[in-house]
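90 is the number that our numbering gives to position 90 of the sequence shown; each next residue is one higher, with no gaps.
It is possible that part of the hints are untrue.
Only pairs whose alpha carbons sit at most 30 angstroms apart, straight line, appear in this in silico DSBU-like list of lysine-lysine [claimed, not checked]:
hint, residue 1, residue 2
1, 58, 45
2, 58, 10
3, 126, 58
4, 20, 10
Hints are computed from structural coordinates only; laboratory data are not their basis.
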Amino acid sequence: MANAKVIQAKQEAVDVVTAKLRESATTVVADYRGLNVAQVTELRKQLREAGIEFQVLKNTLLRRATAAAELTELDEVLTGPTAIAFSGEDAVAPAKILNDFAKKNDALKLKGAVVEGRVVGVEEVKALAELPSREGLLSMLLSVLQAPVRNFALAVKAVGEQKEEQGA
Numbered sequence: 001m002a003n004a005k006v007i008q009a010k011q012e013a014v015d016v017v018t019a020k021l022r023e024s025a026t027t028v029v030a031d032y033r034g035l036n037v038a039q040v041t042e043l044r045k046q047l048r049e050a051g052i053e054f055q056v057l058k059n060t061l062l063r064r065a066t067a068a069a070e071l072t073e074l075d076e077v078l079t080g081p082t083a084i085a086f087s088g089e090d091a092v093a094p095a096k097i098l099n100d101f102a103k104k105n106d107a108l109k110l111k112g113a114v115v116e117g118r119v120v121g122v123e124e125v126k127a128l129a130e131l132p133s134r135e136g137l138l139s140m141l142l143s144v145l146q147a148p149v150r151n152f153a154l155a156v157k158a159v160g161e162q163k164e165e166q167g168a
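With the sequences and hints as input, model every part of the structure.
See the structure below:
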């Protein structure tokens, strides 16, 4: 019979993972089989710099957490070695980093993700990874908002220059 302390520790671990699944903007699940230590270290460094938590977890623990978080659709990808990346703030960053790393290292395989409480497949993760970052989107929006003012200013300048030429 299992020790009560061990059972309690496992339940606490399930509770922590459940909370992360519920609270994170994006959670990406990947198969890291075949990566060497240096590659995993580099991947962890990139993720850490972006504020993303990366863990290797047992599938049984993850299945209990997905059941508690009501995300059981994710269970079908929880086979083999499973690494999971939790991002609390940026919804695009974990998908972008893991997808870029997978392009350079064939051993890393994306399995699926939870994006804002919805389970998505590998294709959706790759599509999310292709989106510009939040800062990129904001700069695009700013550019679009500035365009009419800039065009008006250029038109006024052109009219002014034309009047000067006619007056000279």
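Checked hints:
With a CA separation close to 22 angstroms, the supplied pair residue 58 and residue 45 stays within the 30 angstroms bound. Taking the CA atoms of residue 58 and residue 10, the gap is about 11 angstroms. The hint holds against a cut of 30 angstroms. For a cut-off of 30 angstroms, the pair hint linking residue 126 to residue 58 stands: about 24 angstroms separates their Cα positions. For the hint pairing residue 20 with residue 10, the CA-to-CA distance comes to about 15 angstroms; that is within 30 angstroms, so the pair holds.
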